[in-house]
Each structure stands twice: as structure tokens, then as C-alpha cells.
Amino acid sequence: MSGYRLPSGGVVDRARSLDFTWDGHTMRGYAGDTLASALIANGEQILGRSFKYHRPRGVMSAGTEEGGALVTVGAGARREPNAKATQVELSQGLVASGQNAWPNVRFDLGRVNDVFNRFLSAGFYYKTFMGVGRGTGQWMFFEKFIRKAAGMGSASREPDPDSYDIVHDFCDLLVIGAGPAGLAAAELAASEGLDVMLVEQDFALGGGLLGMGETPGADLDGVRVLTRTTAFGLYDTNVVGLYERVTDHVPGADPATPRANIRIVRPQRIILASGAIERPVAFGNNDRPGVMLSGAMATYVNRFGVAPGRRAVVAGGGDSIYGDAITLAMAGVQTTLLDARETAPPELAEAATAAGVDLWAGYLPVEAQGRSTVKALQIGRPALDGHVRSERALPCDCVGISGGWSPSVHLLSHKGAKPAWDAQMACLLPDALPEGIGIAGSVTGVWGTEDCVAHGQAAAAEAVHALNGKKVKAPKEPAPGGWANPIKPLWEVTVPGRKLKSFIDPQHDVTTSDVRLAAREGYASPEHMKRYTTLGMATDQGKVGNMIGLALLAEALDQSIPETGITTFRPPYTPVPIGAFAGRARDKHYAPERQTPMHKVQGEDGAKWLDVGVWKRAWYHPAHAGETLGEAYLREATAVRETVGLVDVTTLGKIAVQGPDAAEFLNRVFVNGFGKLAVMKCRYGVMLRDDGIVFDDGVTWRFGEDDFMATTTTAHAATAMAWFENLLQTRWPDLRVNIASLSDQWGGVAIAGPRARAALQAALAPNASGGDVSNEGLPFMGIQNAKLAVEGGEIPVMIARISFSGELAFEINARSDHCPAMWRALLAQVKANGGCAYGMEALGALRIEKGHVTAAELDGRVTLEDAGLGKMASTKKPFIGMVLRKRPDLARENRPQLAHFHPVTDSEKFSIGAVVCEEGKVEGHGIGWITGVTVAPALGGGWLGIGFVTGGPGVWEGREVVIADPVRGYEVKARVASPHQYDPKGERMHG
Amino acid sequence: MLRIDCPFCGPRDHTEFSYEGDATVEYPALDASEDEWFEAVFLRDNPRGPHSELWHHIQGCRSFLVVQRDTLTHQITGIRLAHQPTAEALK
Chain U
6 MSGYRLPSGG VVDRARSLDF TWDGHTMRGY AGDTLASALI ANGEQILGRS
56 FKYHRPRGVM SAGTEEGGAL VTVGAGARRE PNAKATQVEL SQGLVASGQN
106 AWPNVRFDLG RVNDVFNRFL SAGFYYKTFM GVGRGTGQWM FFEKFIRKAA
156 GMGSASREPD PDSYDIVHDF CDLLVIGAGP AGLAAAELAA SEGLDVMLVE
206 QDFALGGGLL GMGETPGADL DGVRVLTRTT AFGLYDTNVV GLYERVTDHV
256 PGADPATPRA NIRIVRPQRI ILASGAIERP VAFGNNDRPG VMLSGAMATY
306 VNRFGVAPGR RAVVAGGGDS IYGDAITLAM AGVQTTLLDA RETAPPELAE
356 AATAAGVDLW AGYLPVEAQG RSTVKALQIG RPALDGHVRS ERALPCDCVG
406 ISGGWSPSVH LLSHKGAKPA WDAQMACLLP DALPEGIGIA GSVTGVWGTE
456 DCVAHGQAAA AEAVHALNGK KVKAPKEPAP GGWANPIKPL WEVTVPGRKL
506 KSFIDPQHDV TTSDVRLAAR EGYASPEHMK RYTTLGMATD QGKVGNMIGL
556 ALLAEALDQS IPETGITTFR PPYTPVPIGA FAGRARDKHY APERQTPMHK
606 VQGEDGAKWL DVGVWKRAWY HPAHAGETLG EAYLREATAV RETVGLVDVT
656 TLGKIAVQGP DAAEFLNRVF VNGFGKLAVM KCRYGVMLRD DGIVFDDGVT
706 WRFGEDDFMA TTTTAHAATA MAWFENLLQT RWPDLRVNIA SLSDQWGGVA
756 IAGPRARAAL QAALAPNASG GDVSNEGLPF MGIQNAKLAV EGGEIPVMIA
806 RISFSGELAF EINARSDHCP AMWRALLAQV KANGGCAYGM EALGALRIEK
856 GHVTAAELDG RVTLEDAGLG KMASTKKPFI GMVLRKRPDL ARENRPQLAH
906 FHPVTDSEKF SIGAVVCEEG KVEGHGIGWI TGVTVAPALG GGWLGIGFVT
956 GGPGVWEGRE VVIADPVRGY EVKARVASPH QYDPKGERMH G
Chain L
3 MLRIDCPFCG PRDHTEFSYE GDATVEYPAL DASEDEWFEA VFLRDNPRGP
53 HSELWHHIQG CRSFLVVQRD TLTHQITGIR LAHQPTAEAL K
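Keeping their order, the protein sequence lines are chains U and L. So in my numbering, the last one in the first sequence is 996, and the numbering has no gaps at all. So in my numbering, the last one in the second sequence is 93, and the numbering has no gaps at all.
Okay, chain U solo, but in the shape it has when bound (with noise of 0.2 Å):
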């Protein structure tokens, strides 16, 4: 018990107090406190144990320089760990624990971890478990025990409950901070028209004024305030990311409200108003819970009403903690500040001691002594050699300490621009600054509260002029520092002949020993030395110990801190949720979801659905209820086959191509010719990429001289598409050719049988112009205009005679509007032929029976003649692909070729994916692969597969193969056979 509630103070709402839960217990706060500042004043001191040597941990600061109240927030699905109490918003029924511990924060057993410290030093896991001769199998065994031993909170395992929204900001200004010299900045450049946002990651705007007890008077009439709002990250051409809290703190919020925003704004200009951060200083057992930043102190007495203690020490070099210990007196607390310059600054001085403070100069901390809390500060006096001779003990109950300020210059960094070292004031400065950022107040190294302001208003007149021309009248622009008297720079304090255990970054258990460690084991760059010992990494990203980690290195090297070198700090500034990430596309919004215009109509008669890329295509349709995939499939197939079938093609890509050029254009595109290709005929064709490997195949189909429509299979609709533009806008410039998407424009079908032209022909609107669909009327390959008869009219639809199932067959495009009654028109006449509609599994079936090429053969690896289609290339004309696909590995002979597979034992079976092997050599990547398989009632009725072998076909007729599954786990011999067995020559397409 240390801190407690002030009987009046700070500006917290004591007439509305909340209730709480802390590690099981039910406590009281205010609204407007902390869970940090309503635990203090609950007497909590120890809340949670560090990550190595868990040592009792307790509140260090008042914000997101937290390393030490680490906790855990929430329960269930929301349990979040790892939170920083400090920044954790007090809310009604607000969860919280400690973590890291076992059983309790207040008895770990794990606590041993730190009576073994010098054997858990940095390194020593990488040391000990990974050394010469171990391996990393070592490492591996043992890593899931050091993990659990030395960690942070467990987060929930469950899926997030909660959904975040991605919201898209553009404005004029974007002012990062709400302090002194953020509200003024906002508030002159929006009094000058500019749309300002004002972003503050605290609940409260103000920064540093609410640790003074002052109120921000700005006013921000016409500026957009976002306060819970961190900015997170700078980015290219300035845009910021931040991550806006929007119902942690309010009690069963709204569940459709989402729980937080990523904002990505893109503003003009940025004014940069973060402020600086305190330091703290290494000196024994520094990280005791009762030990804090001297600012954080006055922090909570001025905002919170809390004091931290009763007797308290305030160390430092600076002038700021005179004021926090003059705070701290007033408030009633017995304070003895120690000023570690040889002589107090006169009028500081006299004010602290006016204050009923007990001043010593020259004096500076040494060791926090007390077994789990502060009891008391051994203090000592620096001699000569630099060391410190201890002296005495303070009785206390809590430290305040500065070794000085750094400046947030985070954000900077993000975009690559280093700060630069400033000896004078102790800290890393904004240096060059990137186009379109101002910088004001204490980021800056301004430390005055009206200087502050000044600068505020000298940025924004810096920004109104540069985006409107105008000259605004502004302060000069503060020059840095501010404080009457030279900082003394404290790092660290060590004593001649005594091991002190000294923190720099207590959230990673990292010791001034280990950075010296580091440096004598050759990790002398700040970047080695930081991976070493894990110094400000993670969520601390550099806020606490970075300053004086660099410091000792380059003390340990005997070198300055600029020949040193400094990290660099990374988004995210404080931790942000992955979830917020990922905002709505997850789950089913992860893809869109495409439907064919024939998706309702199909459903309705109960298809069932399969997933191609983000198409939800008919994979079966079933006879009846109980009828499974494998009957329904076979029963369609063999429809195609012996009376007729209706499938849903929409998702093949269509292209427009049109223009004088259009034939010279997919000559050049195609390996075979279209150039003397009749109006009103189509042909299949071959794309190449540049480095002559097959790209894409598709039917185009030819309405004029100079109209033209290329098909595209559904994998590649997109991406021929962009290949079309690309070449066209780049390497053709001079083609006079134009391209459109028809691919949403347009749904199509194919229906194929032996009774196909019957069924279409009596779903042809009579009388119409066109409908004559026999063989004179429309031949192989031929293309008509016709009409449908539909239910209520007729509608017209583009005939092409193609044939991907090998039957006679017929594709039918209609505008997508009309596509549903196409389908019920067609599907009658298909029905009373004796057909059916059929799927995905059946069309798979029928072409791998064909032995036709789609995506899954077409890879990327493949090339012409591998596919079989080497014949197609042309020898007339020039196209893409032509020359390097005679590159001598592409043009060898023994490459795999496409092939069918049968299995030699009718009962066994293989799966796509199979590695196809000779006999007594299955290993390695084999002769070939498996790309399709099916059930061929065309066939025999057997399982076929289809794929490549090397050689082709031809080289392994007669002789058998083993297709191998080692994933699956077996071996089945098979017989290779031509991919072309079914009607090789083509005659039920042709009839």
C-alpha cells in the first residue's frame, strides 16, 4: 500500500466513480482516470511480472513509455494482453489482471528466474541451446519451455469477437498531438480556412498542460478532433495511419458499432506536435514497483488526484523536477529532491524549499532498496573518478525520477529521416525534415509551455502559406530549449566494487550489463547491439531505454553518441490490433463472391455450388435429394454423351477487340493466324507470354472485318485482359485498336450432345431471322445471330459451334439480363431431348475424356508442344513467344507431354497432384505429374487421369509407370495411352 486518492485535485469526475475488477477484485475509480491511476490510488503497487526474471513490476509512467504495468485487459474472447495500464482508459466494468505470474502477481513462483539472473543474460538462450554442436534441434526441443518461462500475457485463442472499420481521410492539415503546441497550430490554421484534423492519442487533449493541472483553452471551432486516436505510422508521400479507439471504453457498446478505426489519411501538410518522452535513469533495482518518471508523478496528483506515495525521493539533472517536486510537497507528500548538478539553480531552489521541499544538490540515486516495493534510496555523491561513493539511505515509499527528455521524433523516422544529437540539450533532435512536414514545441526540443504555443502558431503559418499563398501573422518560430539552467545528462550510476541490477528497458528485462555485454561481444553497431539483447524493440519501440542503451554503447566503445549511431524507430508507434488490420474483409468479405447471371435460376433447382477463384460456379446438379456428387456427376456426363446437356460458360473472359487493326493485332497475340479467319466464323487460339511458355487458350470469334470477340479461359479473364492494355498502350502504340471488356456484359452456355442442335433448334424463335442451326446453316466453327423463344417474347443471342466436351455443341451468349430466361428456355428443350443440366464435375469429366488443356495443365511451365498444340504455331507470321519458345530447354524432346493415365488394376485410383514415376524409381520430382482425374464412362468406364510424362505418350506406350502419392500415401501402376482416345478424329463434333 503506497499510493491513494487525494481528498481533492486533479480533474477527474469524482461525482461519477466506477467499478473495476483487478485481478478478481472489485475496485473504485473516477471517470477520467486510468486503470494505472485508479490502481495507484487503490493502494495496487505490484501489477505484474517482467518477461525474463520475474521481478515484481509496478507503474513507471503516466503514458505510452509504459514498461512496466503491462496487463492484461478484458476476458474471454477480448482478452487482450500485453496493454499498457497507463494508456488503458478506467471504464464501468472495466476486467483487468496481472500477468506473467503464477499463481498471483504478488507470489510467482517463476520468481526464481531472477536468483539465476546472471545465467539468463543476453544471449545466453542463443548460447546455451544453439551452440556449436547442438544444433537448432536442441533449440527447438527446449523453446516451448524458455518461452513459457519467460514471457508476456497470453492472448485469447479465440476468434475476435469485434469488428474494425478502415476509413479512408483526406484534409489540409493534419496535426499530430494535442498538447500546447498541437491545439494552437490547429487552432490558427483552421482560423485561416485550412480543414484541419487534430489527432491525440490520449482520451483528453491537452498532453503535457494536464500534467501541469491546466486546462487547454484552444479554440478548435471547425477542426476535426479525433482524441483515443494514435498516429501509428508516416508513410510515403506523407500518408498516416491511425488507429482510432472507439468503444474500449464504453460499456456494452452497440455490438455493430466496430470497436476501432484504421484511419488512412492523406493530408497536404503534417504539423508533427508529439512532444518528448522522459527518461529514465539506470541505477540498482530501478525497475522496483514505487520507482516512476519524476513527471509522472506530478502527472498523477495534478490530472488524477492520486498521489503516488507518502515519502518521496525526486531525482535528476534537469530543472523540470523542481516543479514535479514542488507539486508533490504541495499535495501534502514529504519529498526530498535530489539535484544531481554541483548547485541548485538559486530560484528553484528557493521555490522548492518554499514548498516545504528538502533539497540536495549534487546528489543522485544509487540503489531502490526493499524486497518487493520501495522502502528506502540509497543516495550518493559522485567522486572524482566519476564513480559514486554511496553515502546514505532515504526511507521512502516512492521514487520519482529524470535523467531527461527525448523528443518523440518516431514518426520521422518511419520515413527515413534521422534526428541528429544534440550534446547541449542531451537528446536526439528533428533533423532534416521530409516535404510537406512542419514540426512545433517540445518534439523539437522547445521546452516552455508558451514557447510552445509560439511554435504551434509559427508551423501553421508556415502551412496556410504554403497551401494558400497567404501570409498569416505568427510568432517567430521559439528557438530550442527553455529551461534557465544546463540539463546535467544521466545515464547511469554505478559504484565502484558493487553489482547494481539497472534497467534500461524494463518491458524486455534488459540491463545496463547486458549492452556492455553486447559491445564486448563484437555487437558494437546499435542495430546488432538492439537484436542482442531485444533493448526497445517490440511494443516499446524505443521509448523508454533507446537513449540510454545508445548511451553506453558508445561509452563501452569510448566513442560519442553520434559515431555511435542511433536504431530506427518502425511502425507501429504503439501496438495496434491485427484485427484492425484486416477491418471488414474477413471472413466471407475476405474475396467478393461472383455469381453468374444463371446463379438464381440454377439454384432454385438445387444445384450445388463450387468455389473457382471468386466465382461461385453449378458444380453438380443433383436428381433428387439424396443424390451424391459421384452419381450425379456420371449421370451428367453420360447425358452429354448419349442425349444432350446445359452448362453455364459466363465465367470465360470476353474481349472486344475492334478497330482496322484488330486482325494484325491478335496475329500477333495468337501463335495461329486470324488474319483470313471468315466473318462469322470463330477458331481457338494460343497466347504465349514473351519467354514463349503457354499464357492462355481461348475461342475468337469474328462478327466483321474488323470485330472481333477473344475468349479467355476464367482463370486468366483478368489478367488477359491487362495483357491486352499493356500492349496496346505500351508496345503497339501505332495499332489502331480498341478493347473493351464484355466478360459482366455478357453470360453465355454451352449445351452439347448428340442431341444438342434438336433442343436448340426447338428453342429457336420461329420465323425469326437466323435459327437455322443444322449443319449447312451453321457449320463447325460457324456463328449466327438468332433469337430465342423465351417465356413472355424473344430475345436475342449470339450462336457460336464449339465444342469442349467433344460432342456436337453449341456456345449461346445472351446479355445478362436475358441469360435466366435462356436457361429456362433451354433447359425445357434440353429436359424433353432426355437431357440434363450439368456441372463443373461433369464438364471436368468430358474434357479430360477429350483430353482438353484448361488452367491446371496451362501452369506457367508449359509450352506448346508440350500441351500437344505444337502444330497450331504458325510459320507465316510472327507472334509473341515465337522466339524465345526455341530456347534449347524449351525445344527439347524428352520434356513432359500432356497424356492420359489409366490405372492397371480397374479398382485403383489416383488423385491430382500425383508424381508419375518409372518403375523402381519413385523419388524426386519423377517423370510427370497428375493434373485431372475422373471416372470415363466414355471410356470404359474406368479411372483416367489425365497429365504429363516426359517424352509424351508415345515413349511409355507399352510399358507401365507408378503414380506415386507420398503425401497420401500409396502407389498405383498405371498404363500411359494418347490424350487424344476419344473420337481422335473429331467426328461427333463435326456431325
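Hints listed in this document are in silico derivations from the structure and should not be mistaken for laboratory results. In this text, all values refer to a predicted model and were calculated from it rather than measured experimentally. C-beta: ideal position from N, C-alpha, C; glycine also.
Pairwise CB distance ranges (calculated):
no. : chain 1 : residue 1 : chain 2 : residue 2 : range
1   : U       : Arg-575   : L       : Leu-32    : 43 to 49 Å
2   : L       : Thr-26    : U       : Gly-865   : 21 to 27 Å
3   : L       : Ser-35    : U       : Arg-820   : 46 to 52 Å
4   : L       : Pro-49    : U       : Gly-502   : 55 to 61 Å
5   : U       : Glu-962   : L       : Phe-10    : 57 to 63 Å
Facing chain U, from chain L, some residues (calculated, C-beta under 7 Å):
no. : residue
6   : Leu-4
7   : Asp-33
8   : Glu-36
9   : Phe-66
List time: in silico EDC-like cross-link candidates among lysine to aspartate or glutamate, alpha-carbon distance up to 20 Å:
no. : chain 1 : residue 1 : chain 2 : residue 2
10  : U       : Lys-423   : L       : Asp-72
11  : U       : Lys-882   : L       : Asp-33
12  : U       : Lys-420   : L       : Asp-15
13  : U       : Lys-881   : U       : Asp-695
14  : U       : Lys-891   : L       : Glu-41
15  : U       : Lys-891   : L       : Glu-38
16  : U       : Lys-876   : L       : Asp-33
17  : U       : Lys-891   : L       : Glu-36
18  : U       : Lys-478   : U       : Glu-197
We have chain U already, so just place chain L on it with the hints.
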């Protein structure tokens, strides 16, 4: 996030675009030598600094743009339509 100022659509997020590689490559005649095609298809410089590259406004006007971008700083210094005749006509 890069912002790319499309001549048709105005400044847009780079997520609307698809990167289409080096804009300085000149493709040889379709029946040129294997060496020329090999060079055009497979050999690329990897400049550190100013670079000329193609971006396809695939979720916008579907124009191919030649973007002058510094690969080190990501700063964009120039944008034009790849299709010269259209660019001329728009002047």
C-alpha cells in the same frame, strides 16, 4: 502508401494500381534474334535512385502510366500516359 497522380483520375492510392515493371525496356521485333529477346525479357537493371517504371491504373481508368520514381526515397517526380498518341491528343 504511395499516391500516384493519374492524368485522368487525379491523385490516387497506389493500391489502385498494378506495378508493371521497368518502363525503359524496348521490346524488339517479334522475330528479332534470341539474344535481343533474351535481353528484353530477362535482363533488368536494379537502379538505386531515379527510375522509370510502368504502373497500370487497373482499378481506375486502366491507363498505363510511365512514373518517374526514386527507388531510394519513393519520391515521384513525373507521371505521363504511356500511350503517346493519347497523350498528344489530350494536349
